[in-house]
Amino acid sequence: MNDESNGLRTRAMRDVFIEALGHRMKEDENIFFLCADFGSPALDRIRKECPGRFINVGIAEQNLINVATGLALEGHTVYAYAIAPFITMRAYEQIRVNLAIQSQIKELNVNLIGVGAGLSYDVSGPTHHCVEDISIMRALPGFVLFSPSDWVLASRFVDYSIRVKKPKYIRFEGKLSEQIYDDKEALRIEDGFCALRQGQGVCFISTGFMTRTALKAAAALGKNGISAGVIDLYLLKPIHGVRLFDAIKGYEAVITLEEGFVNKGGLDSAVSVLLEQNESKIKLKRMGIEDSYTFDMGTRDALHAMNGIGVGDVIAAVQGIFGNER
Amino acid sequence: MLTGAATTLSSMARRVRRETLKIHKTAPGTRIASSLSCVEIFVALYYGNVLAFDAHRPGWEGRDRLIISKGHGAISLYPILADIGYFDASELSKVCKEGSFLGGIPDCVIPGFETINGSLGHGPGVAVGMAIALKRRRNEATVFVLLGDGELYEGAVWEAIMFAGGHELDNLVMILDNNKACMLDFCKNILDMEPLAEKFRAFRWTVQTVDGHDAGALAASLAALKADRSGKPKILIADTVKGKGAPSLEGDPLSHIKNLSAAEVDSLAAGLE
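In order, the protein sequences belong to chains A and B. When you line the first sequence up against the working numbering, it's residues 1 to 326, in that order. When you line the second sequence up against the working numbering, it's residues 1001 to 1273, in that order.
Treat the hints with care, since some could be wrong.
As the list claims (entries may be wrong) - Subject to a maximum C-alpha distance of 30 Å in a straight line, what follows is the list of computed BS3-like cross-link-like pairs (lysine-lysine): (1) Lys-106/A x Lys-1097/B; (2) Lys-48/A x Lys-1135/B; (3) Lys-264/A x Lys-216/A; (4) Lys-223/A x Lys-237/A; (5) Lys-166/A x Lys-223/A; (6) Lys-165/A x Lys-1135/B; (7) Lys-283/A x Lys-223/A; (8) Lys-281/A x Lys-249/A; (9) Lys-166/A x Lys-237/A; (10) Lys-1199/B x Lys-1188/B; (11) Lys-1180/B x Lys-166/A; (12) Lys-264/A x Lys-237/A; (13) Lys-249/A x Lys-285/A; (14) Lys-1226/B x Lys-106/A; (15) Lys-237/A x Lys-106/A; (16) Lys-1135/B x Lys-26/A; (17) Lys-166/A x Lys-26/A; (18) Lys-1094/B x Lys-106/A; (19) Lys-223/A x Lys-264/A; (20) Lys-1244/B x Lys-1258/B; (21) Lys-48/A x Lys-223/A; (22) Lys-1022/B x Lys-1244/B; (23) Lys-106/A x Lys-1135/B; (24) Lys-237/A x Lys-249/A; (25) Lys-184/A x Lys-166/A; (26) Lys-1180/B x Lys-1226/B; (27) Lys-48/A x Lys-1258/B.
For the record, the hints were derived by calculation from the structure and aren't laboratory data. These numbers were taken from a predicted model, which means no experiment stands behind them.
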């Protein structure tokens, strides 16, 4: 997927998103962009072209959320930008009270952009790994949770984020992202997921970076005669349960893939609930990070292997369910 | 109703205190000691020609914004909001009862309340956001935010204080209900925060102090601070007594969690007639 000779480009989600947002901010004076001392080359342009509407609050995530709330209560569309584990967990109670609870009464369009989803910040260690965010942000009523798998999806969220006046959490990859989607093709964020690959028997439901893993595993399995489906679930809340179940009901097994804790309310839990609600007999295998943090150093792939969520682990899991060939 | 014969701020404060006690009698889950320390502050804001408001248009663009960061201690605002027409006075007998929108801690479901309240320390940051928005729109309104002194233990408060000073938000007025007590003890025994005024000055705030139970002095100070647009956020440190007017609460380090008996309320209310 990372072969630019195929016409596929590698870009940073945050740069693409902020670049597109910057164009909208020039036209729409109602938009503010706040950050907690966290940058992007594309931000320099906003700082220059939209003075007064770019505010660096400093390394102060709690204040970031509170100030964003005050601006939103005055009718502004606000983006609050910081490192993923800090914007979600350092300021979780501010998010819960001022955004989740309050938005049930008042319209608040506050878009939290967390950069460094999952194990993006591989060598920075467990303080910078963000493996709880899917679970804890899904727990908040009224929130939209967007977890794109590539930069094309990330850029398409700009329009949605301005249009849908709700609090949102946008979890971005910390490293460059490989292109999966066609940047010329229309994509509807509201659809919530995309079946990137049709299969038989087994289907991966993946989110964020793990969609790349799912595609790699599916390609490798294909060579062994196993046709695995891949569903990229980029909207983790709200989940369109009827459409999603319709997309998986023909499979015998579903494997969820997330770069986050399993059995704690994340993607795996959402799919498990969906299967239960439909009284489905589809087998469910949850792949994600077990109940511990990772101190060991290594590349992203090495960290995935340590946590049993590497491409090889995924292939082995399918073979464990179906044997080597179908 | 509170209006009518009451002509002075102090007599208005007596009435509000009496109505607040009556609410506590029917809704003993309310934090009465905290609500009694800020009676004169609310009276000064609403009856002392300080706040710009329109009870019939709670979202009026020109209104001054008042954020009650010490949400638990704002039951004393209910009788005032009812009196000036935000909602019907008959609602006051329903506080904390099933079907009522008036809870033990007021929220933005209540006409006249700008924000969600109850979790301490959020108000100043939210007020900062509003102040930035108003300045950008060249809206002359002022953002007021009421805090309890115990709330200053919350770190997020100081993030906002530092930000407001650095960004010269002179359309922001903080009112500190300095009643000197938290839930379990007096603040000086928990962690002494003095000298408070110097702390705020160091963060580039204009500081005034006032007797927090002198409604006239409060109104004069608040009006002056509201008018002062000299490039600094402003704080009025209102020296108050937790449980003011209820002898069994005043001076008790545990007054925060104490209720008044129905007989005590009746006796105190009678004294305020």
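Exercise. Keeping to a limit of 30 Å between CA atoms, is the pair of Lys-264/A and Lys-216/A held or broken?
Worked result: holds (26 Å)
Exercise. Holds or violated: are the alpha carbons of Lys-283/A and Lys-223/A at most 30 Å from each other?
Worked result: Distance ~23 Å between Lys-283/A and Lys-223/A Cα, so the pair holds.
Problem set entry | Lys-223/A paired with Lys-237/A [C-alpha distance capped at 30 Å] | violated (34 Å)
Exercise. Is the straight-line distance between the alpha-carbon of Lys-264/A and that of Lys-237/A 30 Å or less?
Worked result: holds (15 Å)
For this session: Given the hint that Lys-166/A pairs with Lys-237/A, test it: the Cα-Cα distance must not exceed 30 Å.
Result: holds (12 Å)
For this session: Mind checking the alpha carbons of Lys-1022/B and Lys-1244/B for me, to see if they're no more than 30 Å apart?
Result: holds (15 Å)
Problem set entry | Satisfaction of hint between Lys-1188/B and Lys-1199/B, Cα-Cα up to 30 Å | holds (16 Å)
Exercise. Can the restraint linking Lys-184/A and Lys-166/A be considered satisfied, given a maximum Cα separation of 30 Å?
Worked result: holds (27 Å)
Exercise. Taking 30 Å as the top limit, are the C-alpha atoms of Lys-1094/B and Lys-106/A close enough?
Worked result: Cα-Cα ~24 Å, so holds.
Problem set entry | 30 Å Cα cutoff - pair Lys-106/A, Lys-1097/B | holds (23 Å)
For this session: Compare the distance between the alpha carbons of Lys-106/A and Lys-1135/B with 30 Å, and conclude whether the hinted pair is satisfied.
Result: Holds: Lys-106/A and Lys-1135/B sit about 22 Å apart, inside 30 Å.
Exercise. Between Lys-1180/B and Lys-166/A, is the straight-line Cα distance small enough, at 30 Å or below?
Worked result: violated (39 Å)
Going down the numbered hints, you'll see the structure goes against 4, 5, 11, 19, 21, 27, while the others check out.
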